[in-house]
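Each chain, letter by letter, is given below.
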Amino acid sequence: MSDPRYSIGIDLGTTHCALSYVDLAASDGEKTEQQVMPVTQLTAPGAIEDLDLLPSFLYLPHESELTPGDLALPWTGERTFAVGEMARSRGAGTPIRLVSSAKSWLCHPGVDRRAAILPSDAPPEVARVSPLESSVRYLTHLREAWNHAHPEAPFDQQEITVTIPASFDPAARELTAEAANAAGYGQMTLLEEPQAALYSWIQKSTGGWRKQVKVGDIILVVDVGGGTTDLSLIAVIEREGNLELHRVAVGDHILLGGDNMDLALAHVVARKLASHGTQADPWQLRALTYACRGAKETLLSDPSTDAVPLVVPSRGSKLIGGSIRTELTRDELTQTILEGFFPQVDSSARPMTRTRAGLTQLGLPYAQDAGITRHLAAFLGRQVAALAELQGTQALGQLPLEASATFLHPTAVLFNGGVFKSPLLVDRIMSTLNGWLTADGAAPARLLEGADLDLAVARGAAYYGYVKRGRGVRIRGGTARAYYVAIESAMPAVPGMEPPISALCVAPFGMEEGTDAPLPEQEFGLVVGEPVHFRFFGSSVRRLDQVGTMLDYWSPEELQELEEIEASLPAEGRTVGEVVPVKLHARVTEAGTLELEAIPRGTNERWKVEFDVRGGAQG
Amino acid sequence: MTEPNVSLLGRLSLAFGTFFSILGDGDFAASVLRLRSGAAPTPAPAPAAAPVAAPAPAPAPVVIKEATPEAALQLLGLLQRDARFIDFVEEDIAKYSDADIGAAARLVHDGCRATLREHFTIQPVRDEAEGSRVTINEGFDATAIRLTGNVVGKAPFSGSISHRGWRVADVRLPKLTQSHDATVLAPAEVEL
Chain A
1281 MSDPRYSIGI DLGTTHCALS YVDLAASDGE KTEQQVMPVT QLTAPGAIED LDLLPSFLYL
1341 PHESELTPGD LALPWTGERT FAVGEMARSR GAGTPIRLVS SAKSWLCHPG VDRRAAILPS
1401 DAPPEVARVS PLESSVRYLT HLREAWNHAH PEAPFDQQEI TVTIPASFDP AARELTAEAA
1461 NAAGYGQMTL LEEPQAALYS WIQKSTGGWR KQVKVGDIIL VVDVGGGTTD LSLIAVIERE
1521 GNLELHRVAV GDHILLGGDN MDLALAHVVA RKLASHGTQA DPWQLRALTY ACRGAKETLL
1581 SDPSTDAVPL VVPSRGSKLI GGSIRTELTR DELTQTILEG FFPQVDSSAR PMTRTRAGLT
1641 QLGLPYAQDA GITRHLAAFL GRQVAALAEL QGTQALGQLP LEASATFLHP TAVLFNGGVF
1701 KSPLLVDRIM STLNGWLTAD GAAPARLLEG ADLDLAVARG AAYYGYVKRG RGVRIRGGTA
1761 RAYYVAIESA MPAVPGMEPP ISALCVAPFG MEEGTDAPLP EQEFGLVVGE PVHFRFFGSS
1821 VRRLDQVGTM LDYWSPEELQ ELEEIEASLP AEGRTVGEVV PVKLHARVTE AGTLELEAIP
1881 RGTNERWKVE FDVRGGAQG
Chain B
3 MTEPNVSLLG RLSLAFGTFF SILGDGDFAA SVLRLRSGAA PTPAPAPAAA PVAAPAPAPA
63 PVVIKEATPE AALQLLGLLQ RDARFIDFVE EDIAKYSDAD IGAAARLVHD GCRATLREHF
123 TIQPVRDEAE GSRVTINEGF DATAIRLTGN VVGKAPFSGS ISHRGWRVAD VRLPKLTQSH
183 DATVLAPAEV EL
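As they're listed, the protein sequences go chains A and B.
Heads up: the first sequence is residues 1281 to 1899, going by the working numbering.
Heads up: the second sequence is residues 3 to 194, going by the working numbering.
Warning: the hint list may mix true and false statements.
Label-pair ranges, simulated between beta-carbon atoms [stated by the list, open to error]: (1) A/D1332 x B/N152: 44 to 52 Å; (2) A/K1598 x B/N152: 33 to 41 Å; (3) A/D1332 x B/S181: 21 to 29 Å; (4) B/I147 x A/D1308: 18 to 26 Å; (5) B/G155 x A/R1610: 53 to 61 Å; (6) B/A171 x A/K1491: 36 to 44 Å; (7) A/L1727 x B/E191: 44 to 52 Å; (8) B/K97 x A/G1574: 56 to 64 Å; (9) B/A144 x A/L1727: 48 to 56 Å; (10) B/R119 x A/Q1826: 52 to 60 Å; (11) B/A144 x A/S1711: 56 to 64 Å; (12) B/D94 x A/A1396: 44 to 52 Å.
What the hints contain is simulated information worked out from the structure, not anything from laboratory work.
Every value quoted in this text rests on a predicted model; they were computed, and no experiment measured them.
Ideal Cβ positions, reconstructed from N, Cα and C, are used throughout, including at glycine.
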């Protein structure tokens, strides 16, 4: 492979994808030559446009729905499906053929991610696709659009970075890497979205960031996308005279985003309409959601407006007679968005969880508590001790640690995501956070200005591909969790009780890309020719556990159960049924995925241990 | 042009490029017209290339440009899709109150504005405020500036701007596939 000409960053979002690229040859130091590629896509049958964003929607048309050629793209006439803007607008009228939020399905532990299950409410005659396959199609479209626009620089020969939520578990990371591989991405690296947002902020400041942050800063990145909320903490320390960034903690996976807010507003308005005797049908509710998005943006960005008129057009050609008129008032907005999604709570507040009803519908596991500030409080509270280890080993006393803190104190906040174009929401989070800090006796945190809220992730990813080649500051941190497998404790069985389990650490916290964990002493018996399942756990707080550490007790806060892992030894050279002792070895690949291998005693053989993504094990 | 057989893909891209060149470049459009009417078997012009130097046949008569309906139809389709423009204009508004019409007009206005801003870059011809005095020098572009009122004497002319004018700096209409029928501005919708 020849040296790449470009570093390409791809934001594979829940609702939108974007592609940005840095010209490696034309960039030098902090001066980078960067573009966002407008993505060629269908916007209506037979109409092709170049848009900055590719909506992450896949439409599976009926064979007689379109005329031949309606799905043709400049580079292929063979498509039987549509992705992008046309998929979104077409799918609004025919939701049973529309795949949306594929990324949320990709990390849904309750379903088989490789099985054709989407759209989840499609009738039997629609040929469904898997969450993995839909991601492959978006990524493939981006690759083809690139190759069409840049025939001189083939996509698979460039440096490629694909972003994922920081909260993605190892299985979801692996599936994303698998999708990229299937989409023909040669060399690809995964990057966490909040990190990408920070990289973009650094790049945009062209060196000025060094004046805006100082040694000892703890940067909180709050990234609210269309479908997910992602939190990360990044510490600024100094080593050998250079500023260094360390990602010290990431939040849980929260399925809650801007789309939920629009939908919540639409329901508020629909209730208001219903009380006046107008019942909105599903089509009108969708139109109302769209109108609410615009009204929300107006009210959030212009504090002098008290109400925005909403008009839901009639479906028929009688526009004036059939339209529904209403309005969205500031009170409704404040009640729904500010109090509903960003309530002013104490730092001790925690998200409410209800036990799910016995039979839950097979849908996405949306966050049960919409209060983003409560999720933030829980995250900072859980991570109160996150800096101790860094302070001891590398920061050497540079971080402002307070022994009496009840939660981790950020000193600066970077926002990402279109919802934060609203100064009201930024103010609400800042004032809530600063209220907590004051109550805890700490100085208020400051806002890092100048972020590009819409395209930061793609831009930051492309910039990361550039700094990875040694030309700029890198965020260090490695894996944000330690990983454990469950082993049964050697205790006498108590009738009626599950045998107690212990958790053995196989991969410590903070493993960097391209590193291996040492081999643990503990061996497991694998039955040749039969898949063996292990329960698998992750911890975002136990930073000091080394490979081989055995936990007999842990609180639910400390260890979260992930999907099971499955090891199988093929029969080659062994008898089926024989029990072979193996060690479990962990490594983090260059791409950024966690790989587990089983190594039989006394051999150099390595057998891959798979994450079970078939949805049996619910964490 | 070195290849006598252009592939389908090549032809498609040539067709698109040529389509926009015709729209944007009068001279080029004229040469294509000549080419089509078989007047001069000139080599096929390159897509989106600089105006082809026509093998100037003695003082040509003024070419009257034939308006191409595709782009106009396309724009009507976009205005209908995003602004319900045709629904609005085709509806009999006599029986509705101003408030009802106003509500619909809001929708149409929002949509029209979004459509225009997305597909065109529209700028005023003159940046000065309306009402301000300006001097129009000799050799001004009579297409872009229309003199009215007491039009006598010679340039430079002095007068006040009554309308700033509008010009399109950039057109970004969607490209259409060959099979697309632009005369259907909005398909009939049948809910099953």
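Looking back at the numbered hints, which does the structure fail to meet, lowest number first? Hints 2, 4, 8 are the ones this structure does not satisfy, whereas the remaining hints hold.
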